[in-house]
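*Asks:* Turn these sequences into a full structure, and let the hints guide you.
Going down the list, the sequences are from chains A and B. Using my numbering, the letters of the first sequence map in sequence onto residues 1 to 412. Using my numbering, the letters of the second sequence map in sequence onto residues 1 to 211.
By construction, these hints were calculated from the structure, which means they are not laboratory data. Warning: the hint list may mix true and false statements.
No more than 27 Å apart at the CA atoms, straight line, and that leaves these computed lysine-lysine pairs for DSSO-like [unchecked claim]:
| no. | chain 1 | residue 1 | chain 2 | residue 2 |
| --- | --- | --- | --- | --- |
| 1 | A | LYS387 | A | LYS292 |
| 2 | B | LYS71 | B | LYS150 |
| 3 | B | LYS195 | A | LYS292 |
| 4 | A | LYS351 | B | LYS96 |
| 5 | A | LYS351 | B | LYS157 |
| 6 | A | LYS293 | B | LYS91 |
| 7 | A | LYS293 | B | LYS96 |
| 8 | B | LYS96 | A | LYS286 |
| 9 | A | LYS186 | B | LYS91 |
| 10 | B | LYS96 | A | LYS363 |
| 11 | A | LYS363 | B | LYS91 |
| 12 | B | LYS157 | B | LYS91 |
| 13 | A | LYS84 | A | LYS70 |
| 14 | A | LYS292 | B | LYS96 |
| 15 | A | LYS293 | B | LYS157 |
| 16 | A | LYS65 | A | LYS77 |
| 17 | B | LYS193 | B | LYS64 |
| 18 | B | LYS91 | A | LYS405 |
| 19 | B | LYS64 | A | LYS363 |
| 20 | B | LYS91 | A | LYS292 |
| 21 | A | LYS293 | B | LYS64 |
| 22 | A | LYS388 | A | LYS292 |
Residue-level listing of the chains:
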Amino acid sequence: EYEEKTGRAQRPLSPKQNVRKNLDFEPLSTTALILEDRPANLPAKPAEEAQKHRQQYEEMVVQAKKRELKEAQKRKKQLEERCKLEDSIGNAVLTWNNEILPNWETMCCSRKVRELWWQGIPPSVRGKVWSLAIGNELNITHELYDICLARAKEKWRSLSTGGAEVECEDAGFSAADREASLELIKLDISRTFPSLCIFQQGGPYHDTLHSILGAYTCYRPDVGYVQGMSFIAAVLILNLDTADAFIAFSNLLNKPCQMAFFRVDHGLMLTYFAAFEVFFEENLPKLFAHFKKNNLTPDIYLIDWIFTLYSKSLPLDLACRVWDVFCRDGEEFLFRTALGILKLFEDILTKMDFIHIAQFLTKLPEDLPSEELFTSIAAIQMQSRNKKWAQILAALQKDNREMEKGSPSLKR
Amino acid sequence: AVTAGGAGAAPRGCPNAPLDPDHLYNVLFVGDSHVGKTSFLYRLHADTFNPHLAATVGLDYQIKNLVVDNKRFALRLWDSAGQERYRSMTKQFFRKADGVVLMYDITSAYSFSDVRYWLSCIQEAAEDGVAILLLGNKTDCADERQVPTKEGECLAKEHQLMFYECSAASGHNVFESMVSFIRLLKVREDELKSKAEEAPKPPQKKKGCCW
Chain A
1 EYEEKTGRAQ RPLSPKQNVR KNLDFEPLST TALILEDRPA NLPAKPAEEA QKHRQQYEEM
61 VVQAKKRELK EAQKRKKQLE ERCKLEDSIG NAVLTWNNEI LPNWETMCCS RKVRELWWQG
121 IPPSVRGKVW SLAIGNELNI THELYDICLA RAKEKWRSLS TGGAEVECED AGFSAADREA
181 SLELIKLDIS RTFPSLCIFQ QGGPYHDTLH SILGAYTCYR PDVGYVQGMS FIAAVLILNL
241 DTADAFIAFS NLLNKPCQMA FFRVDHGLML TYFAAFEVFF EENLPKLFAH FKKNNLTPDI
301 YLIDWIFTLY SKSLPLDLAC RVWDVFCRDG EEFLFRTALG ILKLFEDILT KMDFIHIAQF
361 LTKLPEDLPS EELFTSIAAI QMQSRNKKWA QILAALQKDN REMEKGSPSL KR
Chain B
1 AVTAGGAGAA PRGCPNAPLD PDHLYNVLFV GDSHVGKTSF LYRLHADTFN PHLAATVGLD
61 YQIKNLVVDN KRFALRLWDS AGQERYRSMT KQFFRKADGV VLMYDITSAY SFSDVRYWLS
121 CIQEAAEDGV AILLLGNKTD CADERQVPTK EGECLAKEHQ LMFYECSAAS GHNVFESMVS
181 FIRLLKVRED ELKSKAEEAP KPPQKKKGCC W
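*Replies:* In structure tokens, the structure reads:
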């Protein structure tokens, strides 16, 4: 297997070697430095001075050559690194396609696969891996998507013609609220990743995003459209075909954490925040105390991060890497990522007051380095006194239920 | 030991920037989705219009320092998501607000009719006597206007709100409305202060009668 890999790595070397040869040439651009004698109409330099100047000139040339060489080496190294990265992505694609994906059930949990997964899934197989990892507990078929979409289109038509009320089979929300929801989808689509310019009116993915969100409100009228969903659907659209994106979207939103947030189940959201704080205090006690002192509660930054699964607050490629591991590890990775971000910026954050922390965390630096973030996330321990995330969360949920039973008025 | 690799990524001069403001106010922005809350704040912050702003999810935060009448004011601006569903999350922040900016879109009668609903939310959740600024945004889209200026004025009068029409796109009345609002906030603060000074007097009187 090893040989196979190295063998593959060597084949694409030929074009690369060409480039490298070009970089090995002697630095020649010192031509800008030419030692000229004095113009003939001026008295000649004394021999001693001429000698000195020549020496100075030679030193300058040596320095310039050194600099050039250094730069050439730097360029060469960068190129090599890029080639190495491309090679490793190329290799990873082959490993995912030929080894892992065909044997998904048996391999997905192996250590080797988990490690490769952590490195980031190559974009070309990302959608497939996400689909498999998210699963399809809801058994949604392409046909069901078509049915939901047809219904959504019917609603849009009746809405735009002001026609008769579509039958109200869905309880819970008023017709006006649902209407507003459909209207809101339209407004939000062009406000989803506006800088990418692909979801706006007339953009290539405008209708796809509209369709998926509309179909979802017909599939789950009890949940409807909630701001933040458009970002999740958009990320899926960028990696999957429309119907598959819908299937992944519906199943993803059906996960307990996402359901709690998108239905705005306050009690459950507070439980998630409380569980997060247990690990926050355990991992970053100093920063935790600073946040407490400044009354900075987790909802202030977590709401945006969890609702959009980081797709709005992190650079998109980095957000996708977070999604990769989220698909592998589940909801706890979302909270681990939050702690990784806090850890990465701990020094800066401890010097800020409430509003500056809030401002900083809701607008993270655009050049956030992915390797550093993932190193920081890796250093976060998701075990508190031998208890794992799920156990802490379950215990808090139990406490909550008992408290609510005991004294209904004692809610926060 | 942790080294934050992104030290250079911190907002420049941010932690110490506000040179001890004389007054600090928390201002919450509310109103229907897509009326222009985030764009207004962007205009206030960068003095340009950014047509490519993403929809707000939950809350956004911004700080703005302004000098008005030779006094330094720091505004902590809380930008909330407009969707109904998020309202229950925004509620807790009403209580902390010194002022609320309630925005509607003059090209959307719907957003204007929701103003009454927002007012009831403010009354329910905010402190009594919270300063409220009613803003009709998007005056640059005069052709699409659905809400006459008169109607905004009437509503403001009825509920004793400060009222402006503005445009985050053109910049019309953006700074003017905020400066007026700051003056109102200052008046409210002074009123509260003088009330607070009056309040602890009774025990002092008691002391007085002991001699």
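*Asks:* Just pull the numbers of the violated hints for me, sorted ascending.
*Replies:* 2, 3, 5, 15
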